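Participant: So the chains spell out like this:
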Amino acid sequence: MSASTHETDEEFDARFESYFNRKDIDGWEIRKAMHDLLSEDLVPEPRIISAALQACRRVNDFALCVRILESVRNKCGNRVNEIYPYVIQEIRPTLDTLGISTPEELGYDKPELAMEDVYEIH
Amino acid sequence: MYSVIASKGAHVTRGAAKLSTSAQVCGSISKIGNRDVVGHGFNGEASYMDRADYPFPAVRFREPASDFTAVLEKERGDWNKLSIEEKKKLYRYSFCQTIAELKAPTGEWKFCIGATLFMSSLSLWIYIWMKTYVYSPLPESTKEESKRAQLRRQLDMRIDPIDGISSRWDYDNDKWK
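Residue numbers (the numbering used here), protein chains in the order written: chain A, 38 to 159; chain B, 49 to 225.
Because the hints were derived from the structure by calculation, they are not lab data.
Note that the structure is a prediction, hence the values are computed from the model and not measured.
Just so it is clear, CB atoms sit at the ideal spot from N, CA and C, and this is done for glycine as well.
Take these hints with a grain of salt, some might be off.
To be verified - Listed below are the simulated EDC-like cross-link pairs for lysine to aspartate or glutamate, each with C-alpha atoms no more than 16 Å apart in a straight line:
| # | chain 1 | residue 1 | chain 2 | residue 2 |
| --- | --- | --- | --- | --- |
| 1 | B | LYS122 | B | ASP101 |
| 2 | B | LYS136 | A | GLU54 |
| 3 | B | LYS151 | A | ASP146 |
| 4 | B | LYS136 | B | GLU156 |
| 5 | A | LYS147 | B | GLU149 |
What the hints assert, rightly or not - Partial list, computed: chain A residues near chain B (C-beta under 7 Å):
| # | residue |
| --- | --- |
| 6 | ASP46 |
| 7 | GLY64 |
| 8 | LYS69 |
| 9 | GLN91 |
| 10 | ARG95 |
| 11 | PHE99 |
| 12 | ALA100 |
| 13 | GLY114 |
| 14 | ASN115 |
| 15 | GLY136 |
| 16 | THR139 |
| 17 | LEU143 |
| 18 | TYR145 |
| 19 | LYS147 |
Please construct the entire structure, taking both the sequences and the accompanying hints into account.
Facilitator: Listed below in structure tokens is the structure:
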């Protein structure tokens, strides 16, 4: 995944998509690539997210799919109402094929559980 | 393989992440039980922390205990057959808090503002107490009458007559120019 100095947006998307499409990708590499992708100043293209979800399916990690969708939602910042529905609309076929629930369907778009304050535990 | 891991201490290496058990990764004392090491995390340590900027921690939140065995076995099959409850259980197996929970407001700002205002008012009361019981009264020279007398004396002595205070005094008419 070496980045060339003059990479177009199209090449960037294709690089990540082909990385996630590797047949022998493992969970470590999915997380590493997602961290790299999320550290960029962008919201990932739906086709990259679809490829990442397919990769999660190959390594049998359902929770990672939901976490990826949550992190993409978080990445939309204060324009989440514009961008996130578009992303979900574009990856809907992948979600339905693989049986992945969105964070909203699991009720994770709003806080579900409260956690005890660590300063109050002892 | 073991010697390589031992030399790296608690740091997760590519090879170590592929091991089925993670106890070896942490050297002689295991701090993560038999949780799976699944990634690099935010700094390469085999530790768990929910962070919005690094959403994928290095270890799973739960150990693969018997109450997860069934749902983990089901995860290998078609995900369309998983119920919502099972999906949520799988999520909480890997992660402690959702990102929405992580970013939920804590209400701590109310405590901060309250504490700040309390400390400010406390210091004001301390000042008032000091003023009342500790400090002696201000000297005579700070009174209006004394200050006027002092100014008059400066003018009478013609202090700084070229471009200072006395140069701006009209001595013929006894007033400021």
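Participant: For every hint, state whether the structure bears it out.
Facilitator: Cross-check of the supplied hints:
For the proposed pair LYS122 (chain B) and ASP101 (chain B), the alpha carbon gap of about 30 Å is over 16 Å, so the pair is violated. A C-alpha spacing of about 27 Å is found between LYS136 (chain B) and GLU54 (chain A), which places the hinted pair above 16 Å, so the restraint is violated. Between LYS151 (chain B) and ASP146 (chain A) the CA atoms are separated by roughly 11 Å; this keeps the pair inside 16 Å, and the hint holds. For the hint pairing LYS136 (chain B) with GLU156 (chain B), the CA-to-CA distance comes to about 29 Å; that exceeds 16 Å, so the pair is violated.
Taken as a hint, the LYS147 (chain A) and GLU149 (chain B) pair is honoured in the structure, with Cα atoms around 7 Å apart against an allowance of 16 Å. Hint status for ASP46 (chain A): violated, given a least beta-carbon distance of 23 Å to chain B, over 7 Å. For GLY64 (chain A), the shortest C-beta to C-beta distance to chain B is roughly 5 Å, which falls under 7 Å, so the interface hint holds. Hint on LYS69 (chain A) holds. Least Cβ distance to chain B is approximately 6 Å, under the 7 Å limit.
Interface restraint check: GLN91 (chain A) against chain B, minimum CB-CB distance 12 Å, threshold 7 Å, status violated. Taken as an interface hint, ARG95 (chain A) does not check out: its beta carbon lies about 11 Å from the nearest beta carbon of chain B, beyond 7 Å. Contact between PHE99 (chain A) and chain B, as hinted, is supported at the beta carbon level, the nearest pair being about 5 Å apart and thus within 7 Å. Annotation: ALA100 (chain A) was flagged as interfacial toward chain B, and the flag holds, the nearest CB pair being 4 Å apart, inside 7 Å.
Annotation: GLY114 (chain A) was flagged as interfacial toward chain B, and the flag is violated, the nearest CB pair being 11 Å apart, outside 7 Å. Restraint check, ASN115 (chain A) versus chain B: the minimum CB separation of about 13 Å is more than 7 Å; hint violated. Annotation: GLY136 (chain A) was flagged as interfacial toward chain B, and the flag holds, the nearest CB pair being 3 Å apart, inside 7 Å. Violation of the interface hint for THR139 (chain A) is found here, the shortest Cβ-Cβ separation to chain B being roughly 11 Å, above the 7 Å cut-off.
Checking LEU143 (chain A) against chain B: minimum C-beta separation of about 6 Å stays under 7 Å; hint holds. The restraint placing TYR145 (chain A) at the interface with chain B holds, with a minimum CB-CB distance near 4 Å, inside the 7 Å limit. Interface restraint check: LYS147 (chain A) against chain B, minimum CB-CB distance 6 Å, threshold 7 Å, status holds.
Violated hints, in rising order: 1, 2, 4, 6, 9, 10, 13, 14 and 16; the structure is consistent with all others.
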